[in-house]
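Could you build all of it, start to finish, from the sequences and the hints given here?
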Amino acid sequence: MEYQGKELFRGVGIPTPRGVFVRSPDDVAAFIAENPGAWVLKSQVLMGGRGKAGGIKFASSPDEGRELARELIGKVLRNEQNPDGEEVKSLLVEEKVAIASEAYVSITIDRAAKKPVVIVTAQGGMDVEEVAAHDPDAISKYWIDAAIGFEPFIARRLAFAAKLPTGFQRAFPSILGGLYAMFMEYGANLVEINPLVLSEDGRVIASDAKVDLDDNGLYKHPELKAWKNEAPADEDQAAALATGLGISNYAKLDGNIGIIANGAGLGMGTMDAVRNAGGAAANFLDIGGGAQAELVKKSYNLVVGDPKVKAMFINIFGGITRGDQVAKGIVEALAGDDVRKVPLVVRLTGTNEKEGREILAGAGMNPVETMDEGARRAVELARG
Amino acid sequence: MAIYLDKNSKVLVQGITGREGLFHTQRMIAYGTQIVGGVTPGKGGTRIDTGNPVFDTVKDCVDATGATHTIIFVPPPYAADALFEAYDAGISLAVCITEGIPAHDMLKVVATTHGMRIIGPNCPGLVSPGKSLVGIMPGHVFRPGRIGLISRSGTLTYEIVDLLSKAGLGQSTCVGIGGDPIIGTTFVDCLRSFATDSETDAVVVCGEIGGSDEEDAAAFIAEHLPNKPVVAFIGGRSAPSGKRLGHAGAIISGNTGTPQSKVKAFEAAGVPVAERPSQIPMLVKERLAVPA
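Those sequence lines, one after another, are chains S and G. Going by my numbering, the first sequence opens with residue 1, and the numbers climb by one from there. Going by my numbering, the second sequence opens with residue 1, and the numbers climb by one from there.
To be clear, the hints were calculated from the coordinates, so they are not data collected in a lab. Nothing false has been slipped in among the hints.
Restricting the straight-line Cα-Cα distance to at most 30 Å, the calculated cross-link-like pairs of lysine-lysine (DSSO-like) are: (1) S:Lys75 with S:Lys89; (2) S:Lys210 with S:Lys163; (3) G:Lys7 with G:Lys285; (4) G:Lys131 with G:Lys166; (5) G:Lys166 with S:Lys354; (6) S:Lys298 with S:Lys225; (7) S:Lys252 with S:Lys225; (8) G:Lys108 with S:Lys220; (9) G:Lys243 with S:Lys308; (10) G:Lys264 with S:Lys115; (11) G:Lys243 with S:Lys52; (12) G:Lys243 with S:Lys310; (13) G:Lys108 with S:Lys115; (14) S:Lys114 with S:Lys225.
None of these values were measured; they are calculated from a predicted model.
Right, dumping it as structure tokens:
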């Protein structure tokens, strides 16, 4: 969240507004009592567009601060992009900066170029994708050679190219250098300052902070694991982990046909096959490579746990995954007393196919031969 | 000679004594791959059950065996180091199976290991059917032949290869390029190699949602492969925006990575896009029947 990103900013010398992180209305009042002046109360949430959703308020006395904080903490912020909303649990109280100008700066990974890319525009405070769509010339980019790293000329070049007001120019190289150091140190997918503010009194300050970390790199910074714990848990990811799957191996979708496949590509291909047959997948589920019977059984239970599932299609092309283990898992899952049973179509081919088919036949099940056939059958069964 | 791999390629295995490494070493040997040895630090001087020697370092293994290819089965925190060690020892092609390597580790690797071809990471490897297999693919679905295949997925590759083989379309080389955001060898790199391969008559490109590799591939085909038929497939066409589906790179974010954009790009390049894998063999045959 913003307050955590700003802690990292200060660690690399990027100036941030004066302020304090709080979790209660009384803390807001106490802080304003000690530091009289005009303050901004900013809801700490992960969703974008919190200002328009009513998550930012202004206070200039302790009582006003307490009152507004009571309103904000516990409130669920919603907007068009985030219809489910997000509950506010904490606030950042910051000085109200008189803004002369706003810029945007971010560093992210360009997949195609395989390099970090710096993006700068003088149109700060806006959605950068919108700026890119409406005024692409206003955006300046520089691809950094990871073998060389950041040098100050990169910041100068970008500041001139993006036509940042002169007030930014002196501070910009050290701010961008700090941002790059942080991007590299924490293995971030994205670090973003939007807006980077030039104040009326000539200071350049990071008014907001966004940092997206790579889960695969978190082991290098155990102190940042708390970030993920504090974030509102994605229900799909939590369910995947509880089942023993990888974090992105399960995703709930809108249809009524449950899917289990081995491999991400086959999982996506199976969703597509179901759609081509006139149906819609209720989920994506990839049991991964080399799954044992127990994981198959748990995956089955996870999928039927979704009440909208009317039929299930298990599609396995065994490479490292063995057909007998998958068949055993299916039979064990169905043997459970309290398990909800839905019409089931199984397609099982590849490694240990013969053994798997024998196990299924012993339980009275007959696998289909192809993915298209299985999808068609599952769609028919879901229609009843 | 197909691409990247033939029956004379000498292959070493990094992480040869681990559970996965050992299991797949045995399968690769059974396929006919020339495995010349492996590396596990601290176990140098021993042998695995197949009789292959184990070395402490990649350099020792290369010096003793003349290995040119490596396959890496080491855990994510050590995978970048394994790639650097292979590069330092003069390896020319490295297949990295490991899933879960930090993207920044790979940024550093690809920025510095010039001259060494990297396949993956988070990939099933590559195979030149009937010659050699360096990966974790089930060897029995492949048939020797003249179709090249490039894919971001593992199991979907087996599905497509099985359909091709059953339709009498054998393969020259199949490359699983991997599902991560930062990979060594891209669709375009493989297409460039297939373009000049005299043993490949047509190429199947199996993409998926996320990133812009497929769009880049389409642009390359339009310009550089006028005479070699290409057929494409995009996995995840029914996927919703914003959900990461299994592969770290398989996500539609905003306007990038959408299936519509990829299909449009391929069609603009004259490349037919199969609606489902079962249509691929027919499309390949149709394209091969058109006089160049």
